[in-house]
Each structure stands twice: as structure tokens, then as C-alpha cells.
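Trainee: What follows is each chain in one-letter form.
Protein chains: 4
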Amino acid sequence: MIRAGIVGATGYTGVELLRLLLAHPGAEPAVVTSRGNAGERLDAMFPNLRGHTDLAFTEPDPGLLAECDVVFFATPHGVAHAMAGELLSRGTRVIDLSADFRIRDAALWSRWYGQPHGAPELLDQAVYGLPEINRKRIPDARLIAVPGCYPTAVSLGFIPLLEAGLVDTAHLVADAKSGVSGAGRKAQVGMLLCEASENFKAYGVAGHRHLPEILQTLGDVAGQTPGLTFVPHLLPMIRGIEASLYAVLKDMDTDLQALYEQRYAAEPFVDVMPPGSHPETRSVRGTNRCRIAVHRPQGGDTAVVLSVIDNLVKGASGQAVQNMNLMFGLPETAGLDGIAVLP
Amino acid sequence: MIRAGIVGATGYTGVELLRLLLAHPGAEPAVVTSRGNAGERLDAMFPNLRGHTDLAFTEPDPGLLAECDVVFFATPHGVAHAMAGELLSRGTRVIDLSADFRIRDAALWSRWYGQPHGAPELLDQAVYGLPEINRKRIPDARLIAVPGCYPTAVSLGFIPLLEAGLVDTAHLVADAKSGVSGAGRKAQVGMLLCEASENFKAYGVAGHRHLPEILQTLGDVAGQTPGLTFVPHLLPMIRGIEASLYAVLKDMDTDLQALYEQRYAAEPFVDVMPPGSHPETRSVRGTNRCRIAVHRPQGGDTAVVLSVIDNLVKGASGQAVQNMNLMFGLPETAGLDGIAVLP
Amino acid sequence: MIRAGIVGATGYTGVELLRLLLAHPGAEPAVVTSRGNAGERLDAMFPNLRGHTDLAFTEPDPGLLAECDVVFFATPHGVAHAMAGELLSRGTRVIDLSADFRIRDAALWSRWYGQPHGAPELLDQAVYGLPEINRKRIPDARLIAVPGCYPTAVSLGFIPLLEAGLVDTAHLVADAKSGVSGAGRKAQVGMLLCEASENFKAYGVAGHRHLPEILQTLGDVAGQTPGLTFVPHLLPMIRGIEASLYAVLKDMDTDLQALYEQRYAAEPFVDVMPPGSHPETRSVRGTNRCRIAVHRPQGGDTAVVLSVIDNLVKGASGQAVQNMNLMFGLPETAGLDGIAVLP
Amino acid sequence: MIRAGIVGATGYTGVELLRLLLAHPGAEPAVVTSRGNAGERLDAMFPNLRGHTDLAFTEPDPGLLAECDVVFFATPHGVAHAMAGELLSRGTRVIDLSADFRIRDAALWSRWYGQPHGAPELLDQAVYGLPEINRKRIPDARLIAVPGCYPTAVSLGFIPLLEAGLVDTAHLVADAKSGVSGAGRKAQVGMLLCEASENFKAYGVAGHRHLPEILQTLGDVAGQTPGLTFVPHLLPMIRGIEASLYAVLKDMDTDLQALYEQRYAAEPFVDVMPPGSHPETRSVRGTNRCRIAVHRPQGGDTAVVLSVIDNLVKGASGQAVQNMNLMFGLPETAGLDGIAVLP
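These protein sequence lines map, in sequence, to chains E, X, P and F. To convert, note that position 316 of the first sequence is 315 in numbering that gives the first Met the number 0; the numbers rise steadily by one, no gaps. To convert, note that position 22 of the second sequence is 21 in numbering that gives the first Met the number 0; the numbers rise steadily by one, no gaps. To convert, note that position 27 of the third sequence is 26 in numbering that gives the first Met the number 0; the numbers rise steadily by one, no gaps. To convert, note that position 243 of the fourth sequence is 242 in numbering that gives the first Met the number 0; the numbers rise steadily by one, no gaps.
To be clear, the hints were calculated from the coordinates, so they are not data collected in a lab. Beta carbons are placed, not taken as given, at the ideal position from N, Cα and C, and that holds for glycine. Be careful, since some hints might not be right.
[To be verified] Quick look at which bits of chain X chain F covers, simulated, 3 or more residues with Cβ under 8 Å:
1. 72-82
2. 229-243
[Stated by the list, open to error] Here are some of the chain F residues that sit facing chain X, going by a computed Cβ distance under 10 Å:
3. Arg103
4. Leu107
5. Ser109
6. Tyr112
7. Leu165
8. Val179
9. Gly183
10. Met190
11. Leu192
12. Ser196
[To be verified] Some chain F residues flagged as far from chain P (calculated, every beta-carbon gap over 12 Å):
13. Met0
14. Pro61
15. Asp104
16. Gly113
17. Glu120
18. Ala173
19. Gly178
20. Gln187
21. Gly226
22. Glu241
23. Ala257
24. Asp336
Chain E extracted, bound-state conformation:
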């Protein structure tokens, strides 16, 4: 069994990682840290874990963590910067769910995250953990940057079009909507049920931190950085991201459905839906799947791609486990084959 450490497991990505690892056939949580809750049992904070674990939170002790095979960071920005180097130097592999190592350009990172980059010397070895484009690099990686939730949904939706060079990349549009869990388990007025339920709005239109990450990925795929308008919105629900993507086609003859089906035929977690489909977020809730449908409305020159994920699974903890599976030679789907609870 792979011994996994989790730093910062009191948030939503943390408890989701716990859920996945506690049911994983080849790994188990061994050290789970929280500065503020050391000594408390996990299942006292998260009653869904009662009967599944006797672990308690511990102080984030690098020595203890280094005894793990892999350490996950489910922490605010900057924490992995501060701790990853020591763990890596002791031979422990690191899977970071925060944004600390997602952007290759440290200066760009600093600009968007408003603080100096704490570990630019590690950027060279960080692998962006989107298996659908980086699968070959992940097994040998020591340091994985798990993609953000919006970047996962948006990138997977655009990749086939961009790889095939079918669209005008100057004016891509990504209209994305996320459940409230994307904002984390922090006390903030805007995420109260009274504020966020029976309500809908865009936010961060001027510029969201996931924009440079998406541009980096799409640029890698397209060969040059595209022009992208990215508008996130807050959905009155807990889990799920839907991204509706718009691109003007330069080539109207390609069978988009076939293109998508072929691109993702071998991907265990990308499900291209039948023609005419409208993927629902609930169909992937609690699972590591991304469901995608591609449309060309009214036979016009605009492609519409609909992409849904669970922001806490394929958009965070599930993708982290998928990376762990690849890093440790386990079946890629190990521990990730649950069926969405519906309704």
C-alpha cells in the first residue's frame, strides 16, 4: 500500500481526497495534517468518515510527512512552495493541488497571485498533471501540479479543436459555471447559503487566476497563445463545473463528433457524449469523469463545446489520485471507478 500524506486536509479538496484514498485499493492516508486541528479525529470534523478511519489530524511535521511515499498538498497558495523542496530532497514525491507549481513562468505566477514565487527552483521538475496531454511525463515525475478546476474543464473541451487547428484562436470564449465548493471551506459571507442559493452571477470578469493557466495549456496545444475571454459564474449548488465553449470554425468540413471521439477514445475519464447531447454536472458528481458534447448550432460556423466535471474530483482530488496512480504504476482508474449518485 502506498502511504500518502495530506497537508491541509480540513478543506473540501482535503476531505474529498480522504474519501478517495480511504476507499483506494492500493493506497491509504497515513499522515493527515492540520495546524489548527491537530489532535482532533478526522471523523469528528467530517462525520461521513465515521466508521472508515481512526486517524486524527497531526501538526504538519516534515519528518513525519517525509516517511510517506507521496504527500498531497490541499493547501492555500504558498504552502507547497515552502514545504515541497524538503520533501522532494528526502525522496518523497509531491502532488500539489494548489496553484503553486501550475504556471511555468514564476513572474507571471507572482503577478496573478500577488506574492513572490516561493520556489522557482522547483519549476523545472514540476509536471502539469493533466494526463490527457501529459500522460507520458507523469510516471517519472517527482512533483505534480494538479490542474485547477476551470482549467481542466475548459482545456479538455478545447484541446481537440486546437490540436486540429480548426478554429480561429484569436477570439475563443469560455463561459464557465462552478458550484460553490470551488470557493473552499472558508467562512465568507458571499458563500453563505443565504447569499449564494436562489441566485446566479458572473464574477472575476476582469481577470480570474485560472486565465493564465488555461492560456498556458491552450498555448501548448495550439502552438501559440490564443485570445480567450474567460468568464466564471457562481452556481447555486455545491458541486460541478459546466463550461460552454465557443469558437469560430475556419474549416467547416471536419466531422467534429468523430474528431472528439477519436481524440479521447483511449482516455478512461473523458466521455464524449452522443451527438446532440447536453452533459449534466450531476452525471459526474463524485466521479473523476469529464463529459463532453460538441455542437455546431444551426449548421453555422461556430462550434459549441459543452464540458462538465466535478470540480472537487476531476477538478482537484480525483485528478490528484489519477496522477498518483500513474506515478506509482497502479491502474490509472484504481479507486476512481465509483458511479455518480443520482439523483
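Once you have looked at the hints, place chains X, P and F on chain E.
Mentor: Using the frame of chain E, we list chains X, P and F on its own:
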């Protein structure tokens, strides 16, 4: 007091119309019909009306309805086609909340609504009841076609850009999201709480009936029919539409904020928010307001317009009352000055 | 126009009070204070107020407040204790929405609220503002203690049974459920949408602060303090309280329906529903009504009373305005005749 | 592998049963019937099953079903009456999730379900499938009546008190609240999101069909039929039942916490929470657990028991699988060890 008839008041636009008319200072519901519920008190079906009315539903008798000053149709498609002519010939004015008279081209209507147009001879006198572009024609109108909910939110958002000729009209995008009440008070599995809550999806991507209506309005404003990709989505909540609109700017020098503020300065129900705003659907819930914000993200060449309405008020019954006020010489805001209940 | 001051208007009872007073025909908000938000416009914090007021929050200056005819406290416990005395001495009447003056026994208050009572000398003049039992004392009151939300729903439900002496008062049960807005507009993890939606639980079973308040009221009505088991629960929604009340009948011959109808015949805000009804919280949302139904299931010896209110209206701000109307000789229903928005 | 048939798998208990069986280590769905959807793939109706099964619905053919080891009925009342006999006579075991065989008294069943009992001759062999009281009888049973959702939550909560003879059984109160999925996947106006969300109400106060079932179980346990007031309520959420139970203690000296812990110490699916707990429905969502807390508020003479289950799992399909496990000698928890997805 204006005596108002309502045909088909058992749906959501019907009960909303009742709420507005029962509190209106210059009008009152006089005849309220329902074929299936004749004899039943309104407040037995809608307990929120207890203490506010003693009316009961009656059979839809044209003679009785013709005694009203104005008759509202809150009915499925085709009913107003069948009944409006007789009422008009008897001198009763008609405000139709269905789509029966929204499209000027009867053949186009038939194609989208899948049935022959039942009253093409009345199309000439029908006025599209969007006061923000047709205010002058409404006072003398005998027959008003109340705009659809999506068309109201989308058109009000695009109008300033199109009137000013600032954007490439070949590739407009309208990504719209609606609460479930837009689907009406019909027993259908897809709108059950178990299906529609904690879930999000697009629908009707191939072609939604509101598309030709939007194209007609935007075409009137722009001077030619634009290219528009319109994708509606279903929100896990009751009321509210948010439309996020995308257009590529041909002219980057215009102050968009000033443009929108000036265009709507005299409009009592269009509120242009301060720069950088993200209008929330709840801020207009139960009210006749449309709140709009305009952005140019990252200083790029794409304008993003965010437009919110309550689909049952400005998107249906409130706009119907606004038209009634204009038709009968009442203050345009009469009975429409309520404040949104928040939270 | 009555000039009203509001201390602490940044919470949910505050914004609800603003909504009601801004639409009130005989009163208006004149001074609205907030220590933390002085200088900010009300409609910047609460966009539903845009177009309805130009007021800004000010520092809570007793001098300014004393120029008002009446000052509402929508504050945490203890604030009204500290400020009410000075206002009263200057002739300004006080309507306190907090619990500061609800309990006549200062020692009992201290025990439940965990702090010394800050103004025991004012308790003599405080009138418990439940018009349905205290209507005669309210017009001359200088200091009103607005009842809590649960106490309003529970007391109105039990009063007819207790006044008539029909039930065993040793074992009353009140199973009450409240929307999340009852917890206020405070940043706290437990009230996040992610924690409170799609979830249900009891809380405070060991003892909730509203228990002594309910016991005081029921004791006044029954002539002696009853035995009451009161269990509150948290509903996954914003507004509304439903209380299901259980009492064993000593007398099986009384017509409970008639009893309730007669008791509340003259009450403008208590609506006894027809036999067999199940009142819905949404039917009173945004309104000052309490809807009640009384049942005797299976013809047995247990009475079941179902009572619903909007916790922010009849359970707080609406009842406060009802008291104001009575204190200043206005029609009791002035500004409180809105119809619930449904759906 | 146990070959399972499912009759009527298009409802919510049906799809939940599919989810559980598709992931079950010792059983698999072999025949899945639906009269109205024969020929359609399961995953076309339920997209969460995409990638997990290639099965399609078939006509309910008794011959095909009889080839299964066990057949589950997830059907409206009366269907199992009509078909169970033939299957049993062919040696196929039957697990009925409907109410057809829950009540031992056929006349009583007819009275509550408003139709003649269709198979009274089978009642003798039907075993009420609540393992916590009937575990010994289940392995040899040929016909299992899976308990209703409310009866499961209420009975498990009351059993320890009644078995120990600690309470006055004349005036038990069960105030129960259920998510909307309890009403099934039927098109009905009352269960639309627009009707059931942001709303709460009691229903069926005069008499709910689960009442005689609860009385039968509690009577078995207590030795005589108790007096019970049972009031169900509709929660604005999808899954979960919470039952708050009230009973007057005859004996004040018993340690209720110890009583409950001992009673359920060996039960794999009943989790007695620590003293002072308030179990949340979400902590059992998607799982077969019942979580229970017992309180004696204010040290008084009334016991309050809080019991939560997922109505579709421990209240239906999960309990059905638990019975199957016991019937076929599998580990009782096989396929039922998932962790609730939280948040």
C-alpha cells in the same frame, strides 16, 4: 380602475400577473379563466393570495372577457391566436404573454413552433412590447406581444452595442441561464426538484424558439440580421435569468460604460451598474428591473455584457403590466415599484 | 412621516427592515448606522435597494439617532442594553429586534445569554411586542421587545389551546424548523451553502435561547409555566419557519378548528387555514402573516398544530413594523400588505 | 455472481439499486425491466451509468426473470402482488421494495392502500426485511418485504426505548422530514423544483401509509401497539430523512446513551453518535447507514431521539441489498461500504 381579464392564470406567469394586478393602484383582475379549474377559488390554488382576493376561476367565456378593458393571455402557444381576434373586434385590448404574435413572419413562426400560424391577419397590428425600443408605438397598440424572457435579457444587453455599430455582428454569442420557472407549472420529470436541483446543464443548443425572436429584435436594431450563437442553460433555482453576452469590438475607443449609461438613462427599469459590477439575479427577483454591467476584460477587443432579469417579471408578467400602463396612460412604473426581497 | 433610525442595518433583519420602511406609506428610514460600514451607500451593500434610496450608513451617533421618532435595533445581544436608555431618556421610542428585553427576569436572561444583563432598570417598561396577546399595551409603550422568530411561530400556534385550557401542559412538544437566514449574515462555516444545502439536522437540542422566551409567553397564557420540549432544526433554504406542535388533549369535545378561527378572527396577520390544510412556508415568504392549521390525526387524543411564518418578517422586521404602526396610531397593516412572491 | 433481476428500474429506487449492484462484488444486474422503456439502454436514461453497463431495459418477462437468482421489485403497489407468486414457485427469491408485503394483515393493507390485497396467500412467507430486528429470519426467507423509508428511520430510533420498556407508549411522537426523492420519479406538479425548493411543509397529517407499518413494527417490539402521532414533512432537498422522536420516560435512571450504544453495538449500519450529537442527513447520503443520537433535554422527562438515513439507500435500495447479502450468505456489508460524498 382598469378591468383586466386573464386567460390561463394557473401557470407561473399567471399567478405572477395576479400578484402584480392585485397590488396595482390603477387596475384589478376582473375575470380569471381556467378551463380545468373553473369554480375553484384562486387562493385555493395559490395560498399566497389568501386574504388578497375572493375571485374564482371561470370558464374562458369570450363574452365575459370582452367586458374587460384588457385581456392578458398567459397560455400555451396557439390559444391567443384563436381568441384574440374576437376580443379585438369587440374593442378589448389584448396583451399576449405567449409567443403567438412575437414573430412578424408567420412562416418563420410556424417553422419554429411546429404548427400553422393561427392568426396571420393580426400580425400587422401586433406591437412587440419591449418598451425600451418600442415605447412610442405601445400607447396606441391594440395587441401587444410581450417579449420572451431570454429575448428580453439578451436584447437589452446587446442593444447599445448594436445601435452604436461598435461590434462585429457576424459572431455574437449569448450564453444564457434561466431558473426553472421558465419551464412553467407543468408536470414534467425534467423539472422535478430531484432532477433540476444540484445540477446544471445546457439545453436546446441545436436551436431554441427564442432564437428567431432575438434575431428579429437585434436585426431591427442593427439594420441587418446578425450571426448569433444562443445557448440556454437550466439553473438549479426558481427565478432569474442571467445572460452573458460576448461581442468582438470593431472600435476600441468608445467608452462602453458611458454608452450604456446614456442609452438607458431615461429607462425606469434598466439599471446600468457601476464599472466592474457583476449583477446578481436575486437583486431583481420579483421586480421588473433589468440590471446590466459592461466589461472589456483585460483591455482586449471583446466586450462582455452581463444582463439579469426576473424571467417571470421583466421577462413576462411585469413587462406585460408595464405595457398595460403605457397603453392606458398610467405612470409606467405603476404597480411595479416593489423592492426585491433579499436574502 | 415617522422618522426611523436603524442601528445595525447590515444584517438580514436590517435589510428586511429597510425594504419594509422604504415602501412604507407613513414612515421612512432617516438614520441607518453601522460601525464598520459608515460612509458606504446602503445600495452598494444591498443592490436590491438601488433606485430606492440614496442613504448611506453612518456611525451610530446617539445624538443623531435621538432626533428620530423611533429607533430600531437590529443588533447582536447587548447593544440595545447599552444604547436604549439614552434614547428613551431623550424621548425617542425604541423597538428592539434583539433578545435584550424579551425576558422579564434579568437573571434568567444572563444565564441563557452568557453575559450580565446590561439594563435591568429598563425591563419594567419593556413591552413584549406580540400584538396577538399584547395589542393594548403596545400603543403607549416606549420600549418594545420584538419576539424571537421561533417564539412567534410556536406561541401563536399554542395560544388558543392553552388559553382554553384544553391540553396537558406537562408534555408539550414543539418541533421547529428554520431557514438559514435565522442565523444571520455572519461569516460562519456551518451556514455556507456547501454545508447547509442538501442537508438537514436538528441543533440546540440540549437548550436553545428561545426556550425561556417561549416558556415565559406560554406561561403567561396558561397561568403556569408548561413543560415544553423544543427542538429546532436547520432547513436547507433561506427563509421560513415551520413549527409542528404536539399536545395531548384533556378535552376531546371541543371543535379545535372553530376555536382557532374564533381566537384569530380579528387578527390581521394570523390566517387559520381550512380543516385539513398543511401551511407552506413559501405562502408567507416576504410577508408578515402567520398561517396555522390544526389537526387531530386519526381522531386520537393528540392535537397537531402547524404554524408557518417568515422568520425575517413576522419573526423579526415585519413584526417590528407592526409594533411601530400600533405605537404611532397608523393602520396596523400599513406597509405590511405585500403578497408573497410565488413561486 | 448472483444474477439479479430488477422489475421497474426507471424510478429512483431502481437507479439506486442499479448503482449498488453494478459496483457489488458478488452480484450483478442481469435482467432489468420496464414496460414503457423496453429496448432503451439504461445509460441513455441514466447518464451516470455510462461506462458502467451495456444493459438495456426489457419487457417484464416472467420467464426471463425466473432465470435470475433473485428479483427485486422497485414498482408501484400491486405489481409485486401480481408477479411474486410465479417467481417464487419457480424457485426465484423475491425482494420487494414496494409496500405489497409489509403489512401482515391483508385487510389493514387494503384499507390504507385503497385496493384489494393481490396476494394474501404469500403473506405467511414474507419476512419484514429490517435486519436489526429480523436478522435471523432473513437468510432463509424466499420473500422479503423491504421496509419503507420513514418506518426504517422511525423504528430504528424507537426500538431501544421500547424494547427496554422505558417510555409511556401511549403518546409517542414522530416528527419526520424527507427529501423529495421519496415521492419518486413521477411527473407531478407538487414535486417540481419551483414548488418544493425554498419551501417546507407538513403533509399527510391525517394519516400516512407508513403509519400502520410503523405501528406494526413498534408493536412487535413493545409487545403491544403504541399510540403514535406521525407527521411527515417535505424537505427542499433530494435525499435524506431525519426523524425527531419524542417519548415521555417512565424511568429516569437509565443511561440512554449506553442503552443505545449497546443495542446497536453489533449492527454494521447503525451508528450511535456521541452524546450531544445532531446527526446530519448528508453524513449518510448515498450510504446504508442510520445515524442516531439520543438526548434528554434540560434533564427533563422527555427523551428526544434523532435518526437520519438516506431514504433511497437504508430506506430502500441499500436495505434491499443488505437483505440480499444476508439471504445469499455474503458479507452483510458487501457492496455497501461506500463513504458519503461530502460536501
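Trainee: For every hint, state whether the structure bears it out.
Mentor: Evaluation of the provided hints:
1. 72-82: Check failed, 0 qualifying residues.
2. 229-243: Check passed, 3 qualifying residues.
3. Arg103: Result: violated, 32 Å to nearest chain X Cβ.
4. Leu107: 31 Å, violated
5. Ser109: Interface hint status for F/Ser109: violated (28 Å vs cutoff 10 Å).
6. Tyr112: 23 Å, violated
7. Leu165: 38 Å, violated
8. Val179: Hint on F/Val179: holds, closest Cβ of chain X at ~5 Å, below 10 Å.
9. Gly183: 9 Å, holds
10. Met190: Holds, about 5 Å.
11. Leu192: 4 Å, holds
12. Ser196: 6 Å, holds
13. Met0: For F/Met0, whose nearest Cβ neighbour in chain P is about 34 Å away, the distance exceeds 12 Å, so it holds.
14. Pro61: The claim stands: F/Pro61 keeps its Cβ more than 12 Å from every Cβ of chain P (closest is about 39 Å).
15. Asp104: The claim stands: F/Asp104 keeps its Cβ more than 12 Å from every Cβ of chain P (closest is about 17 Å).
16. Gly113: 17 Å, holds
17. Glu120: 30 Å, holds
18. Ala173: Incorrect as stated: the minimum Cβ-Cβ distance to chain P is 10 Å, not above 12 Å.
19. Gly178: 8 Å, violated
20. Gln187: 15 Å, holds
21. Gly226: 7 Å, violated
22. Glu241: 5 Å, violated
23. Ala257: Fine: 18 Å to the nearest Cβ keeps F/Ala257 off the interface.
24. Asp336: Correct as stated: the minimum Cβ-Cβ distance to chain P is 22 Å, above 12 Å.
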